[in-house]
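A.B. asks: Just so you know, the sequences run in chain order A and B.
Under my numbering, the first sequence has 118 at position 118, and the numbering climbs by one with no breaks.
Under my numbering, the second sequence has 166 at position 166, and the numbering climbs by one with no breaks.
These are computed hints drawn from the structure, not numbers from a lab.
Predicted model, so just to flag it, every value in this text is computed and none were measured.
Be aware that a few hints might be false.
[As the list claims (entries may be wrong)] Examples of chain A residues toward chain B, derived with CB under 10 Å:
#1 Pro-46
#2 Asp-63
#3 Val-93
#4 Leu-122
[What the hints assert, rightly or not] A short list of chain B residues far from chain A (calculated; beta carbon distances all over 10 Å):
#5 Val-59
#6 Tyr-136
#7 Gly-137
#8 Asn-147
#9 Ile-157
#10 Gln-173
Built from N, CA and C at the ideal position, the CB exists for glycine as well.
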Amino acid sequence: MSRRIGMLLILWALMGNVWAAIETFSYQDDAERERFKNLTRELRCPKCQNQDLADSNAPIAADLRREIHRLMAAGQSDEQIIEYLVARYGEFVRYRPAVEGRTFILWYGPAGLLLAGAITVLFMVRRRRQVSLTDNTPLSAEERARLAHLLDKKDRS
Amino acid sequence: MSRRLVLLIPLIIFLIMAGFLFRGLFLNPSELPSALIDKPFPAFSLPAVGEPSRLLTEVDLQGKPALVNVWGTWCVACREEHAVLNALKEQGVTIHGINYKDDQASALKWLKEFHNPYQLDVRDDQGSLGLDLGVYGAPETFLIDKNGVIRYKHVGIVDERVWREQLAPRYQQLLEAP
Numbered sequence: 001m002s003r004r005i006g007m008l009l010i011l012w013a014l015m016g017n018v019w020a021a022i023e024t025f026s027y028q029d030d031a032e033r034e035r036f037k038n039l040t041r042e043l044r045c046p047k048c049q050n051q052d053l054a055d056s057n058a059p060i061a062a063d064l065r066r067e068i069h070r071l072m073a074a075g076q077s078d079e080q081i082i083e084y085l086v087a088r089y090g091e092f093v094r095y096r097p098a099v100e101g102r103t104f105i106l107w108y109g110p111a112g113l114l115l116a117g118a119i120t121v122l123f124m125v126r127r128r129r130q131v132s133l134t135d136n137t138p139l140s141a142e143e144r145a146r147l148a149h150l151l152d153k154k155d156r157s
Numbered sequence: 001m002s003r004r005l006v007l008l009i010p011l012i013i014f015l016i017m018a019g020f021l022f023r024g025l026f027l028n029p030s031e032l033p034s035a036l037i038d039k040p041f042p043a044f045s046l047p048a049v050g051e052p053s054r055l056l057t058e059v060d061l062q063g064k065p066a067l068v069n070v071w072g073t074w075c076v077a078c079r080e081e082h083a084v085l086n087a088l089k090e091q092g093v094t095i096h097g098i099n100y101k102d103d104q105a106s107a108l109k110w111l112k113e114f115h116n117p118y119q120l121d122v123r124d125d126q127g128s129l130g131l132d133l134g135v136y137g138a139p140e141t142f143l144i145d146k147n148g149v150i151r152y153k154h155v156g157i158v159d160e161r162v163w164r165e166q167l168a169p170r171y172q173q174l175l176e177a178p
């Protein structure tokens, strides 16, 4: 009996955890619900290293979700809300950092490296092909003599 | 000769990347640079801890370089930090406290029990000032100059080493600034 009560208590305790992440926000319509979902997925929780605001259980994430909901209700655009959070928590909260001088390498570095690699390969292939195409001129007398000498040496060994 | 040098380019790129990655091993990813450095302290109007009718604003923080410490009784690390803050206050450092998302009675009890190092005790019940400050976990400590501009932020416990190595030189510099 006491065991069953114990089990129930454990289940009840676990249930608390399950409910913890669920908050009740009211939305005007489905579009607004969708907007909220997208925004909270787009923004990173400052406390947790790699969780979005939608997913995080941290108290700060709950605060920020509430704040986002408030700003949405106040008629702010997505850009304004993101700016608002970046002004307070820094670029870190954005999963997709803004394209600017500082983040240029981050955005275009990989593509640039790939391009540089492709150009190098193209260059090498082309040059090799050129070498094999142009190099069938007959050997000069000097070269022929050297070849004979080398072959001779090889035969003897 | 220059052909040979071209062959070294991949190695050079590799070494540069390895250098950055190696440095990354020793960086603390949970320390975020504050977006508020060199910006004025955000405007607020909040009651003092234990004195609901006394409203404090950002203007009250101005006048002298000071530390602004965000704390709460629910924050275990703040307990450890508190002793250091008391010692700093004894040395004459100006410290203001922001009691962040806390129960007022517990805060008052804490300040009475462990001594109050704060010159001003701001009560940020709802965490609105914390939000404007970009606080993501207590304790956090801001260093402001006499005009109330944020100069530095430390996330985590201010212990003697943090004070000596990071805060004290900057605080001293602000004190000496004309």
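A.B. asks: Which numbered hints are broken by the structure, listed smallest first?
C.D. replies: Of the numbered hints given earlier, those the structure breaks are 4, 6 and 7, listed in rising order.
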